[in-house]
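Asker: Single-letter residue listing:
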Amino acid sequence: MRKILLESLTRGALTETAPTPDDAALADLANAVNRAAKRRLGRSLAIREVDAGSCNGCELEIHALNNAFYDLERFGLHFVASPRHADVLMVTGPVSKNMREGLLRTYHATPDPKWVVAVGDCAVTGGLFANSYACDGALDTIVPVALRIPGCPPTPLALLRGLLALLEPSAA
Amino acid sequence: MTILATLLGSPLLGSPLPAHAPWPRAEITAATWEAATTHLAAGDLTLLSLWGEPERVHMALSEPAAATIAILTLPCPTGRFPSVGRLHPPAIRLERTIQDLFGLTADDADDSRHWLDHGAWGRGTPLATPPTRAPAHDYAFLPVHGDNLHEIPVGPVHAGIIEPGHFRFTADGETVVRLEQRLGYTHKGTEGLMQGAPLAHAARLAGRVSGDATVAYASAFARAAETALGITPPPRATWLRALMAELERIANHIGDFGAICNDASFAIMLAHTGILRERVLRTAMLCFGHRLMMDRVIPGGLAVDISPDGPAAIRALIAEFRPRLEQLATLYDNTASLLDRTVTTGIVKQDDVRRFGAGGHVGRASGRDFDSRRWPGYAPYDTLRFDIPTLPEGDVNARVWIRIKEIRASLSMLEQILDALPPGPIATPLPTPTAPTEALAFAESFRGEILVWLSLNPDTSVARCHLRDPSWFQWPLLEVAIDGNIVADFPLCNKSFNCSYSGHDL
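Heads up: the sequence lines are chains A and B, in that order.
Heads up, this note's numbering is the position in the first sequence plus 4, with the first residue counted as 1.
Heads up, this note's numbering is the position in the second sequence plus 244, with the first residue counted as 1.
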């Protein structure tokens, strides 16, 4: 244990430099984010992740945001355990009908001001599951969406770019 | 004569159907169906899967003693079939699924509550036309009686970044006296979307049944399609599939190893395994152009070859990975406070894994020596040298060690594959069959064997596809494993299983 800790101290950081915020994501946000609300929150956003029927591919890449390479918390972004502590809902999946109520309850339990981020092709458009009897498809047909991060699944870098747009002052 | 041969030979409605490969499928009578159920209950046969179509039900069986596999099909003109779950509990959830999707009734079933149907689809029995059953309207959890018991409902939205599912705990103080799961929240209607879909589209759907096992799912589906069409992919494709499958296995096992330790508040392990996992995914990106290697395996072979600098990158990965893994394994083994949480926690009994035919690390950590790479086996694993580790204890600690040992085996397999990677094309063109064809195939994902049964139309579109995740036979064992443990140990037990919600819910 001691050896590993010492080694970690001397090995140098793995964390990579921050990517620039995504232009498309910024345009997406321009209409949605209220500058005053953001000033109140500062550069610190609490994120609650909701799986609305994903294949778990998106979850794997969202998890990766917490590893040493991407280190999401350095930007003031962190995942919280309850929607009541959250400013941002990151939603994955084609909104399976069996999860619609869970999603809506989570949305309503999140205090205002709040932003919903659609993560992955399924949440953005319904993806391959758009026409299923068991799915509602695109997330914005169920709740208002502030930011879309497409990809199947989006890479951690794409997620980071999108999320940084939430913090970028020029967005509002 | 083996039991399966006897069942196949006994009063048939027809002889084994010629279009089914590579194992026989035969239409049988209800009496033979019941005889098979009795053998399942006696433990002579293992249930591989149980699934429906609008007017018939199928069960895939293996006979371990004779190393044979067969599929029995029972026509259900009256919409009913004799319950298998009544005598053989592993079939219960599969039967409830058949009832929900196809509206076929399991006669004399002890539990006929809805399972995947939560009453949200706007109709009942979505895969039966017309609907034969009303949609679900309420759900009754099993009653628990006793003094001083309290219930803890958890989910479907959980505290962590995980998939949705509901867990209903009944606890006596800190001790769990019953866990009842309710799943189905991520049901996406995948099997319905596959019906009539062109083969290439269906293969993409198969790769999204459970994202963490996308290579294994795509491989199982491709193998089923190739077997049905009577073709063999080029050797290079087969070897590269194994290369991807082992990368996927390593990425998942190392990630879970850290996550299990993290659930015991030992965060440093997750920090280090997170780095190793990221290195694997970056290597996969460099080799195949996708971090999870989605849509790389297609019927007939592969969509892309490995990039020219891929083999060197994988060798560099192995060189870094191996010593770090051993360092972390030593750290795990030397940390008494961590072992205190994992040793003797969440024990799964050997009898239970055998009865449920549970595969993957759940089965192997409870002494079940089964791996579909070895048996029924498929190329190129028949020419690779690898150990299938098993342990007798069945606790969280044993499941951790099985994962560590499997990573070691996979690292060795990566080297063997790179050493022997044959040159040549990466895909074979698909022929057009003249008649409908069917096949059954397996692929070993990191969590166990995936079964795919595929029936193709003459134009190679999908007539019907059934995908059975290993989680079907592991989720019920989690309910048993937590018995008598404290509530706080549930995350540890759950993570050590890491069952797929999406793979189960379909």
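Quick caveat, the hints were computed from the structure, so don't treat them as lab data.
Treat the hints loosely; a few may be bogus.
[Stated by the list, open to error] Per the computed footprint, the stretches of chain A lying under chain B, defined by three or more beta-carbons under 8 Å from a beta-carbon of chain B, are:
1. 19-25
2. 49-55
3. 115-121
[To be verified] Simulated DEER-style distance windows between Cβ atoms:
4. GLN439/B <-> ASP75/A: 28 to 38 Å
5. LEU9/A <-> MET529/B: 23 to 33 Å
6. LEU108/A <-> MET529/B: 29 to 39 Å
7. ILE632/B <-> GLY16/A: 12 to 22 Å
8. GLN439/B <-> LEU108/A: 25 to 35 Å
9. THR19/A <-> GLN439/B: 21 to 31 Å
10. PRO333/B <-> LEU108/A: 13 to 23 Å
11. THR14/A <-> ALA511/B: 44 to 54 Å
12. PRO567/B <-> ASP75/A: 22 to 32 Å
13. ARG629/B <-> GLY80/A: 27 to 37 Å
14. ASP631/B <-> ARG88/A: 22 to 32 Å
15. LEU108/A <-> SER581/B: 51 to 61 Å
In this text, a Cβ means the ideal position worked out from N, Cα and C, and glycines have one as well.
Asker: Now look at each hint and say whether the structure bears it out.
Answerer: We went through each hint and held it up to the structure:
no., hint, verdict
1, 19-25, "violated (count 0)"
2, 49-55, "holds (count 3)"
3, 115-121, "violated (count 0)"
4, GLN439/B <-> ASP75/A: 28 to 38 Å, "violated (45 Å)"
5, LEU9/A <-> MET529/B: 23 to 33 Å, "holds (30 Å)"
6, LEU108/A <-> MET529/B: 29 to 39 Å, "holds (36 Å)"
7, ILE632/B <-> GLY16/A: 12 to 22 Å, "violated (39 Å)"
8, GLN439/B <-> LEU108/A: 25 to 35 Å, "holds (30 Å)"
9, THR19/A <-> GLN439/B: 21 to 31 Å, "violated (47 Å)"
10, PRO333/B <-> LEU108/A: 13 to 23 Å, "violated (35 Å)"
11, THR14/A <-> ALA511/B: 44 to 54 Å, "violated (20 Å)"
12, PRO567/B <-> ASP75/A: 22 to 32 Å, "holds (24 Å)"
13, ARG629/B <-> GLY80/A: 27 to 37 Å, "violated (50 Å)"
14, ASP631/B <-> ARG88/A: 22 to 32 Å, "violated (49 Å)"
15, LEU108/A <-> SER581/B: 51 to 61 Å, "violated (42 Å)"
In the structure shown, a violation is registered for the earlier hints numbered 1, 3, 4, 7, 9, 10, 11, 13, 14 and 15, in ascending order.
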